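Novice: Residue strings, one per chain:
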Amino acid sequence: DQQVKQNSPSLSVQEGRISILNCDYTNSMFDYFLWYKKYPAEGPTFLISISSIKDKNEDGRFTVFLNKSAKHLSLHIVPSQPGDSAVYFCAANSGFSGGSYIPTFGRGTSLIVHP
Amino acid sequence: NAGVTQTPKFRVLKTGQSMTLLCAQDMNHEYMYWYRQDPGMGLRLIHYSVGEGTTAKGEVPDGYNVSRLKKQNFLLGLESAAPSQTSVYFCASSYGRINSPLHFGNGTRLTVT
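Line by line, the protein sequences are chains A and B. Residue numbering for the first sequence follows my numbering, beginning at 69 and increasing consecutively. Residue numbering for the second sequence follows my numbering, beginning at 96 and increasing consecutively.
Because the hints were derived from the structure by calculation, they are not lab data. Fair warning: this is a prediction, and the values are worked out from it, not measured in the lab. Glycine is no exception: its CB is placed at the ideal position from the N, C-alpha and C atoms. Some hints could be false.
[What the hints assert, rightly or not] So these bits of chain B aren't anywhere near chain A, every CB distance computed over 12 Å:
(1) Val99
(2) Asp133
(3) Met136
(4) Gly137
(5) Tyr159
(6) Asn168
(7) Leu170
(8) Val183
(9) Asn194
(10) Asn201
[Stated by the list, open to error] In silico DSSO-like links for lysine-lysine, alpha-carbon gap of 27 Å or less:
(11) Lys104/B with Lys105/A
(12) Lys139/A with Lys122/A
(13) Lys73/A with Lys166/B
(14) Lys73/A with Lys122/A
(15) Lys166/B with Lys104/B
(16) Lys124/A with Lys73/A
(17) Lys152/B with Lys105/A
(18) Lys122/A with Lys105/A
(19) Lys73/A with Lys136/A
[Said to hold, decoys possible] Sample of chain B residues at the chain A side, in silico, Cβ under 8 Å:
(20) Phe105
(21) Tyr143
(22) Gly146
(23) Lys166
(24) Gly202
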C-alpha cells in the first residue's frame with residue numbers, strides 16, 4: 069500500500085506557464101516532506117522541502133505548499149522552463165514525530181516543459 | 096568533492112551469477128541507502144544502514160545482501176541474480192537527520208538475462 073502517492077505519472081506544460089505537481093500521503097505520522105528532481109541517466113537531486121509546522125516554503129521559482137488536513141502537498145514551478153523537464157519525486161519521513169528518518173518516496177511525475 | 100560514487104555504471108549478468116555493487120561517499124554521512132528504480136514503481140528501498148557496521152532491511156530486500164564495514168562504503172550483493180532484478184540501482188547517503196536530504200549517486204544499470 070502506497071503511503072506517498074503521486075497520481076499523475078506525467079505532466080506537460082508550456083514554457084513560461086505554471087507547473088503544479090501533486091502529492092498525497094496517507095501516514096499521519098509524516099511530518100517532513102521533500103521534493104527531488106531527476107534527469108535521465110542521473111541520480112535524483114534534492115530540490116525543496118517543508119516541515120509540517122509550515123504550510124508554504126519558497127525557493128526562487130519553486131514553492132511547496134502543504135495542506136496537513138488534506139494530507140496533500142504540491143510543488144509549483146513558476147515560470148516553467150525547458151530545463152525543468154525531469155521526473156519529480158515526492159518523499160516524506162516522520163522524524164519529528166519520533167518515527168523514522170528513512171524517507172518514503174512516491175512513484176514520480178514526469179514533467180515536460182515545451183518551448 | 097565527488098559526493099556519492101557508484102561502480103560499475105552498467106553491468107549485464109546471466110541468471111544465477113553473482114555480483115557486488117559498490118557505493119562510496121566522501122561526505123562523512125552516517126546513513127546510507129540502496130534503492131532500485133523500475134518503470135512506474137518509483138524508488139523502492141532495498142536495504143539501508145544507520146552507521147558503520149549496521150544494516151537493516153527496506154521495502155524490497157529479498158535476493159540482496161549488504162555490508163557496511165567502513166563508514167564511507169556500502170556494498171550491495173546479489174548472490175544469484177534473477178531477471179526480476181533487472182533494474183537501475185541508486186545508492187544514497189545522508190546525515191540521518193530529519194531535515195537532511197539524501198545525496199544520490201548516478202546509478203548502476205543492471206540487466207539480468
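Novice: Hint by hint, note whether the structure agrees.
Specialist: A quick look at each hint next to the structure:
Separation of Val99/B from chain A is inadequate, the least Cβ-Cβ distance of about 7 Å not exceeding the 12 Å criterion. With a least beta-carbon separation of about 10 Å from chain A, Asp133/B fails to lie farther than 12 Å from that chain, contradicting its non-interface assignment. The non-interface label for Met136/B is inconsistent with chain A: the shortest C-beta to C-beta separation is roughly 6 Å, within 12 Å. Look at Gly137/B: its CB is around 4 Å from the nearest CB on chain A, not clear of 12 Å, so calling it non-interface is violated.
For Tyr159/B, the non-interface assignment is confirmed: its Cβ lies about 16 Å from the closest Cβ of chain A, beyond the 12 Å cut-off. A cut-off of 12 Å between C-beta atoms confirms that Asn168/B is not in contact with chain A; the least separation is 17 Å. Every C-beta of chain A lies more than 12 Å from that of Leu170/B, the closest at about 18 Å, which supports listing it as non-interface. For Val183/B, the non-interface assignment is contradicted: its Cβ lies about 9 Å from the closest Cβ of chain A, within the 12 Å cut-off.
Not every CB of chain A lies more than 12 Å from the CB of Asn194/B, the least distance being 7 Å, so the non-interface label is violated. In this structure Asn201/B is not separated from chain A by more than 12 Å, as the shortest Cβ-Cβ distance comes to only about 5 Å. In summary, the hint linking Lys104/B to Lys105/A is supported, as the alpha carbons are separated by about 20 Å, within the 27 Å threshold. Of the pairs offered as hints, the one joining Lys139/A and Lys122/A holds, with about 13 Å between alpha carbons and a cut-off of 27 Å not exceeded.
A distance of roughly 33 Å separates the Cα atoms of Lys73/A and Lys166/B; the hinted pair therefore is violated under the 27 Å criterion. Straight-line distance between C-alpha atoms of Lys73/A and Lys122/A comes to about 21 Å, which keeps the hinted pair within the 27 Å bound. Between Lys166/B and Lys104/B the CA atoms are separated by roughly 22 Å; this keeps the pair inside 27 Å, and the hint holds. Restraint check: the Cα-Cα separation between Lys124/A and Lys73/A comes to about 20 Å, which is no more than 27 Å; the hinted pair holds.
With a C-alpha separation of about 25 Å, the suggested pairing of Lys152/B with Lys105/A holds against the 27 Å cut-off. Distance hint between Lys122/A and Lys105/A is fulfilled; the C-alpha atoms sit about 22 Å from each other, no more than 27 Å. Pair hint Lys73/A plus Lys136/A holds up; C-alpha atoms about 15 Å apart against a cutoff of 27 Å. Violation of the interface hint for Phe105/B is found here, the shortest Cβ-Cβ separation to chain A being roughly 11 Å, above the 8 Å cut-off.
This hint holds: Tyr143/B has a C-beta 6 Å from the nearest C-beta of chain A, less than the 8 Å allowed. Hint status for Gly146/B: violated, given a least beta-carbon distance of 12 Å to chain A, over 8 Å. About 17 Å separates the beta-carbon of Lys166/B from the nearest beta-carbon of chain A, more than 8 Å, and the hint is not met. The interface hint given for Gly202/B is met, as the beta carbon of that residue sits about 6 Å from the closest beta carbon of chain A, less than 8 Å.
Of the numbered hints stated above, those contradicted by the structure are hints 1, 2, 3, 4, 8, 9, 10, 13, 20, 22, 23, listed in ascending order.
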